[in-house]
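> What follows is each chain in one-letter form.
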Amino acid sequence: MITFKNVSKRYPDGYVALNNVDLTVEPGEMVFLTGHSGAGKSTLLKLIAAIERPTSGTITISGQNIAQLKPSAIPYMRRKIGFIFQDHKLLFDRNVFDNVLLPLQISNFDNNTVAARVRAALDKVGLLKKEKAMPIALSGGERQRLCIARAVVHRPAILIADEPTGNLDVEYARDIMTMFTSFNQVGVTVLIATHDASLLEDTQHRILSLKQGKLAA
Amino acid sequence: MIRAWLTQHGFVFFLTLKRLISTPVTSLLSIIVMGIALSLPAGIYVLMQNLQAISGQTADSPQMSLFLKLDTTQDSIEKVNQRLEENPQIQTVQFIPKDVALQQLQQSTGLTDITASLMRNPLPDAFVIHTQENSTEALEQLRTVIQSWPEIEHVQFDSAWIERLNALLDLARFAVLMLATLLSIAIIAIMFNTIRLQILTKRDEIEISKLIGATDSFIQRPFLYFGALQGLAGGATAWLIMALAIRTLNEELTTLAQLYRIDLQLQHLSSADSISLLLFSAWLGWLGARISVASHLWQIEPK
Ligand SMILES: Nc1ncnc2c1ncn2[C@@H]1O[C@H](COP(=O)(O)OP(=O)(O)O)[C@@H](O)[C@H]1O
Ligand SMILES: [Mg+2]
Chain A
1 MITFKNVSKR
11 YPDGYVALNN
21 VDLTVEPGEM
31 VFLTGHSGAG
41 KSTLLKLIAA
51 IERPTSGTIT
61 ISGQNIAQLK
71 PSAIPYMRRK
81 IGFIFQDHKL
91 LFDRNVFDNV
101 LLPLQISNFD
111 NNTVAARVRA
121 ALDKVGLLKK
131 EKAMPIALSG
141 GERQRLCIAR
151 AVVHRPAILI
161 ADEPTGNLDV
171 EYARDIMTMF
181 TSFNQVGVTV
191 LIATHDASLL
201 EDTQHRILSL
211 KQGKLAA
Chain B
1 MIRAWLTQHG
11 FVFFLTLKRL
21 ISTPVTSLLS
31 IIVMGIALSL
41 PAGIYVLMQN
51 LQAISGQTAD
61 SPQMSLFLKL
71 DTTQDSIEKV
81 NQRLEENPQI
91 QTVQFIPKDV
101 ALQQLQQSTG
111 LTDITASLMR
121 NPLPDAFVIH
131 TQENSTEALE
141 QLRTVIQSWP
151 EIEHVQFDSA
161 WIERLNALLD
171 LARFAVLMLA
181 TLLSIAIIAI
191 MFNTIRLQIL
201 TKRDEIEISK
211 LIGATDSFIQ
221 RPFLYFGALQ
231 GLAGGATAWL
241 IMALAIRTLN
251 EELTTLAQLY
261 RIDLQLQHLS
271 SADSISLLLF
281 SAWLGWLGAR
291 ISVASHLWQI
301 EPK
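Those protein sequences? They're chains A and B, same order as listed.
Read in order, the letters of the first sequence correspond to residues 1 to 217 in the working numbering.
Read in order, the letters of the second sequence correspond to residues 1 to 303 in the working numbering.
One thing to keep in mind: the hints can contain errors.
Short, incomplete list of chain B residues facing chain A, as computed with Cβ under 8 Å [what the hints assert, rightly or not]:
1) Asp204
2) Leu211
3) Thr215
4) Phe218
5) Pro222
Since the hints were made in silico from the structure, they are not lab data.
The structure presented is a predicted model; accordingly, all values stated were derived computationally and were not measured.
Glycine included, every Cβ here is placed at the ideal spot set by N, Cα and C.
The following block holds chain B by itself, in its conformation from the complex:
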């Protein structure tokens, strides 16, 4: 019984493959159209994942810089240090004396001549702290507290660009969802029409099969397989399009990375996401075929 079922499905599977191959140009064109349609939302999703990975690295433990007043004494510095160390919201505390800051400035900018000609060091002593939490409210609160200390000239933290990035990511997520929805509907419509045409050309076969005892599921099966298989091929095409795009972009980024000494390489979809993409595209094809079959097959009643 199970073997009969398996051979039956295997048979339909190969029949469907044969059908796909028997009209190579049409099949290829539909598959490419589906691949392009799918690669748009999936591509944005990939970019988003990569951006999120970058923002995640920095956003994990936000950094805050505290600049002390220029005339702060060694004693006051100690006190500030102690207060910072005792604060449970703060993870790490690093003191950067003004001499060190000046050295760093000289090294990083190459402005040795100018800084050397300065009468005295214009930079303040500073603390760099990493906080435990990274919610904007908690950071703002901490900033207000520290700002109120008499030794502190200015508190600066770099949450603004993270916020902007997160807002951008939210927007991108929404765009992906909207694009994916619209293009999914387009793919279902394409498949609906493809199957409608197939049903029309196979009218005789369907009618005769019904006459000699074919069940509805027997008649539907090849069309559903066709939809799923073509959907799967469309998903694989989308994956390949993205792989190609990522390779090209990464070559560009390598040049950029050498110029700016940053290491930035885009990653393709994770294997779980890749499988989801393939399953989803197969499901879309199947669904389009399913709707088409449901709305056209019943019209063919044998006489």
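Here chain A stands alone, though its shape is the one from the complex:
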């Protein structure tokens, strides 16, 4: 599903955030990406969604070489991915429902089914009763769940989450991990970056560990 071959990323200021990374994530797999702050986790995820381009190496997503995509093809590639951003990237001038609606509007979904899809996604994350609320009125945990609803509403094959339990209480964090597990159980490939080691204590899923831009065994 996701393959990195000899991928390096050097930022314009000369800093090498990823150094010769090789990795494979199988379809339907759930994988954790750990490492200290600054290890390069966010950079790796951004490369998958073509938010950053690699300096060298090849990245393949469902058989497509990301580095060779034309700029006009990138939006269509991004629609195959549900991305949960570290800084949320919610729209604060529209309510919960409209935030989740955005990916469907972008992908030109049929107007008759969008409302049902939005509500289904909100239901999965337990926000159905808050569809009219503005994001500013939500708690931290609720905002995180809103991000998840927006990431899955168009039913992507790949779900990518960058620090999804960032500043949350342990209990909230467990709730959210359960949600990811249930998405994975219906066949979604899930890749989660986290520096929170407590999340990984009793997981049976594969853990990839980044240290200063290099993947440890």
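Here the structure of chain A is known, so what remains is to put chain B with the ligands in place on it, guided by the hints.
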């Protein structure tokens, strides 16, 4: 597929309307500014069209008056008449005997007393002809020919004022073109700036949309609709401004017309010209938005 496309565009259309209405004062002010800017060249154009209609009526078949020498005999008059009738350049020939001319003078000026006290009729016999062509050279040539006939005292034709009018119309046409060009650039600049500000305030929305897979055309569409819609509204405003101005002017002209017994009413743009005005103004708005979008959107790259 087509239905999805239509609903998508319908959706953006209503979103744009909502955007226009959500900032009523700003939108209204921009629309009025655009309307005034457009009404200037369009107004001159309307005046020009009206003037051209008037000059067209008279210029269609130019009139020439030939005054005969006072002592011309009936025989010579016949000969002149025949020569005129045979000339292919001349469309109609009308003879006005000096008695008739005097009567007309008395009637039209009301100077019956003075003319009645004259010992003899001071007016010459005359012909009034309408020519086939109306180019100045052809008329001049004809005038020279007729002037050379021995019976003819004087040939007069009224091309001078038509020439002046045509020159004036040419000037007006040039003015319209120049004004239209300058004000179009101004409108594009206004729209450029309006859209630039909109893009700035929607920075987050644009960035997030790009991140979750929006194409460039999806992101551009609302701005282009906005430009076109506001341009259209500006064009409609210009049309209304002119309609109002023409109504006011026509009221004045009615008074004038009663005084001078001439029938002169200004006409608004023809429906074809009106549609052109609306399409053109919509296009201007769209173009301003297009340039603005092209020069600002690429700067917003998600990180
Ligand atoms: N746009 C950027 N320009 C320069 N350096 C960057 C940029 N983004 C991240 N970095 C650097 O790359 C390193 C890895 O960052 P990141 O991928 O965000 O790590 P993590 O998510 O594991 O905390 C950090 O040292 C960070 O300062
Ligand atoms: Mg990070």
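> Decide, hint by hint, whether the structure agrees.
Outcome of the hint check:
{"no.": "1", "hint": "Asp204", "result": "7 Å, holds"}
{"no.": "2", "hint": "Leu211", "result": "6 Å, holds"}
{"no.": "3", "hint": "Thr215", "result": "5 Å, holds"}
{"no.": "4", "hint": "Phe218", "result": "6 Å, holds"}
{"no.": "5", "hint": "Pro222", "result": "11 Å, violated"}
Of the hints listed earlier, the one the structure fails to meet is number 5.
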